[in-house]
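So the protein sequences, as listed, match chains A and B. So for the first sequence, this note's numbering puts the first residue at 1; every next one is plus one. So for the second sequence, this note's numbering puts the first residue at 1; every next one is plus one.
What the hints contain is simulated information worked out from the structure, not anything from laboratory work. There's no promise every hint is true.
To be verified - With a cut-off of at most 20 angstroms between alpha-carbon atoms, the simulated SDA-like pairs for lysine to any residue come out as follows:
hint	chain 1	residue 1	chain 2	residue 2
1	B	Lys192	A	Glu33
2	A	Lys192	B	Pro202
3	B	Lys192	A	Pro202
4	B	Lys192	A	Arg34
5	A	Lys192	B	His30
6	B	Lys192	A	Gly204
7	B	Lys192	A	Gly32
8	B	Lys192	A	His30
9	A	Lys192	B	Pro174
10	A	Lys192	B	Gly178
11	A	Lys192	B	Thr203
12	A	Lys192	B	His36
13	A	Lys192	B	Glu33
14	A	Lys192	B	Gly204
15	B	Lys192	A	Glu37
16	A	Lys192	B	Arg179
17	A	Lys192	B	Asp128
18	B	Lys92	A	Glu37
19	B	Lys192	A	Lys192
20	B	Lys192	A	Gly178
Here's the letter readout for the chains.
2 protein chains.
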Amino acid sequence: MSRVRVHNFSLSLDGFGTGEGLSHDAPFGHAGERLHEWMFTTRWWHETTGEPGGTGGLDDAFARRHGPGVGAEIMGAGKFGYPGWHEDPEWKGWWGPNPPFHTPTFVLTHHPRPSIEMEGGTTFHFLDTSPAKALEAAREAAGDQDVRVGGGATVVRDFLAAGLVDHLHVVVVPILLGRGARLWDGLEDVQKDYQVEAVASPTGVTHVTFTRAGL
Amino acid sequence: MSRVRVHNFSLSLDGFGTGEGLSHDAPFGHAGERLHEWMFTTRWWHETTGEPGGTGGLDDAFARRHGPGVGAEIMGAGKFGYPGWHEDPEWKGWWGPNPPFHTPTFVLTHHPRPSIEMEGGTTFHFLDTSPAKALEAAREAAGDQDVRVGGGATVVRDFLAAGLVDHLHVVVVPILLGRGARLWDGLEDVQKDYQVEAVASPTGVTHVTFTRAGL
Numbered sequence: 001m002s003r004v005r006v007h008n009f010s011l012s013l014d015g016f017g018t019g020e021g022l023s024h025d026a027p028f029g030h031a032g033e034r035l036h037e038w039m040f041t042t043r044w045w046h047e048t049t050g051e052p053g054g055t056g057g058l059d060d061a062f063a064r065r066h067g068p069g070v071g072a073e074i075m076g077a078g079k080f081g082y083p084g085w086h087e088d089p090e091w092k093g094w095w096g097p098n099p100p101f102h103t104p105t106f107v108l109t110h111h112p113r114p115s116i117e118m119e120g121g122t123t124f125h126f127l128d129t130s131p132a133k134a135l136e137a138a139r140e141a142a143g144d145q146d147v148r149v150g151g152g153a154t155v156v157r158d159f160l161a162a163g164l165v166d167h168l169h170v171v172v173v174p175i176l177l178g179r180g181a182r183l184w185d186g187l188e189d190v191q192k193d194y195q196v197e198a199v200a201s202p203t204g205v206t207h208v209t210f211t212r213a214g215l
Numbered sequence: 001m002s003r004v005r006v007h008n009f010s011l012s013l014d015g016f017g018t019g020e021g022l023s024h025d026a027p028f029g030h031a032g033e034r035l036h037e038w039m040f041t042t043r044w045w046h047e048t049t050g051e052p053g054g055t056g057g058l059d060d061a062f063a064r065r066h067g068p069g070v071g072a073e074i075m076g077a078g079k080f081g082y083p084g085w086h087e088d089p090e091w092k093g094w095w096g097p098n099p100p101f102h103t104p105t106f107v108l109t110h111h112p113r114p115s116i117e118m119e120g121g122t123t124f125h126f127l128d129t130s131p132a133k134a135l136e137a138a139r140e141a142a143g144d145q146d147v148r149v150g151g152g153a154t155v156v157r158d159f160l161a162a163g164l165v166d167h168l169h170v171v172v173v174p175i176l177l178g179r180g181a182r183l184w185d186g187l188e189d190v191q192k193d194y195q196v197e198a199v200a201s202p203t204g205v206t207h208v209t210f211t212r213a214g215l
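Next comes chain A alone, as it looks inside the complex (with noise of 0.2 angstroms):
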């Protein structure tokens, strides 16, 4: 059976996913880049936007697990564009021409649209359906390949709170954003199910992994 895995989820020290006041301008709201400071420093995110340089190391060797084993990704409707992007018929995301997903990649969404095939692999569908059922579309186009929740918080954690995931990579950054949406709301003891491990990193950052226990 494929994984399914999160991977480079940056939560402020207070536990917020993303900030307030989210907008076309502002994909992060009053969080700004701060949340994703540490992943633009890296040499992985370097080669992923094709410039020279970019930092080796604890921050690097977490963040380019995103990529390898991955068939799939699921992302909910906040990831995919600002609110009320889905009244603008020529929204295809953030990420231009050649989205760094490279395979299908499905949007949870109210407002479901054609799906749009980009440069690079990847294309985006659209779903007005479940966790649950999201990922059994996700699991049969990913064949035998893992599939990747992407976020934002409210995705991560109705996967969590529904039990479905297996392998969760959170970057604590050491910021206080006081508001935004929450990842652990209504998650008591769900760490129950894995083993929790925890590196600091020299950037001040601190990777915590969940791996559902037996995996």
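Fit chain B to the given chain A structure using the hints.
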């Protein structure tokens, strides 16, 4: 000027400093002892309670910073006793005849009572006042030594919000409590005044310290 320090303040990964359902028989509610097991296993704790053994290493090194240089403690009513302790005239805290504070200890409560002198240098004083006023009293009692803010979550949060904390040591325990008293609420961007450092322990907890810039 003496500093204001918080040590060994345990937090669940979802940010709770204690559980729900606190009572005489459950000082931390449904959290039980899970937030503090890392501390109970240290050599420092064993020394404090007069038992042989305990572990050295990272957790022990952090834990034993609790005492040195501290001349007074401030704690909340919820640390001193169970909900309703103020109706019990015999209540003298959880810690037996020789509490592990060994200094004047100021209890913030809306139900003040006469001071109680314990063995080993601890005297409990009861104040119905603001964090800033309590700090004035504690500083005077501490002489040129530091003041420790002992918790619980609400009191640490109030001192942080008032800008009164110089050094904060929280210990993030990899469990999800789901409910209880949150430390971080309403503290957006409080990290800006501090150098924040994180160290993951082989035991699974992560020590996070906030040190005021310039100290």
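Evaluation of the provided hints:
no.: 1; hint: B:Lys192 to A:Glu33; in the structure: holds, 16 angstroms
no.: 2; hint: A:Lys192 to B:Pro202; in the structure: holds, 19 angstroms
no.: 3; hint: B:Lys192 to A:Pro202; in the structure: holds, 19 angstroms
no.: 4; hint: B:Lys192 to A:Arg34; in the structure: holds, 13 angstroms
no.: 5; hint: A:Lys192 to B:His30; in the structure: holds, 15 angstroms
no.: 6; hint: B:Lys192 to A:Gly204; in the structure: holds, 14 angstroms
no.: 7; hint: B:Lys192 to A:Gly32; in the structure: holds, 15 angstroms
no.: 8; hint: B:Lys192 to A:His30; in the structure: holds, 15 angstroms
no.: 9; hint: A:Lys192 to B:Pro174; in the structure: holds, 10 angstroms
no.: 10; hint: A:Lys192 to B:Gly178; in the structure: holds, 13 angstroms
no.: 11; hint: A:Lys192 to B:Thr203; in the structure: holds, 16 angstroms
no.: 12; hint: A:Lys192 to B:His36; in the structure: holds, 17 angstroms
no.: 13; hint: A:Lys192 to B:Glu33; in the structure: holds, 16 angstroms
no.: 14; hint: A:Lys192 to B:Gly204; in the structure: holds, 14 angstroms
no.: 15; hint: B:Lys192 to A:Glu37; in the structure: holds, 16 angstroms
no.: 16; hint: A:Lys192 to B:Arg179; in the structure: holds, 16 angstroms
no.: 17; hint: A:Lys192 to B:Asp128; in the structure: violated, 41 angstroms
no.: 18; hint: B:Lys92 to A:Glu37; in the structure: violated, 49 angstroms
no.: 19; hint: B:Lys192 to A:Lys192; in the structure: violated, 34 angstroms
no.: 20; hint: B:Lys192 to A:Gly178; in the structure: holds, 13 angstroms
In summary, the numbered hints that this structure violates are 17, 18, 19.
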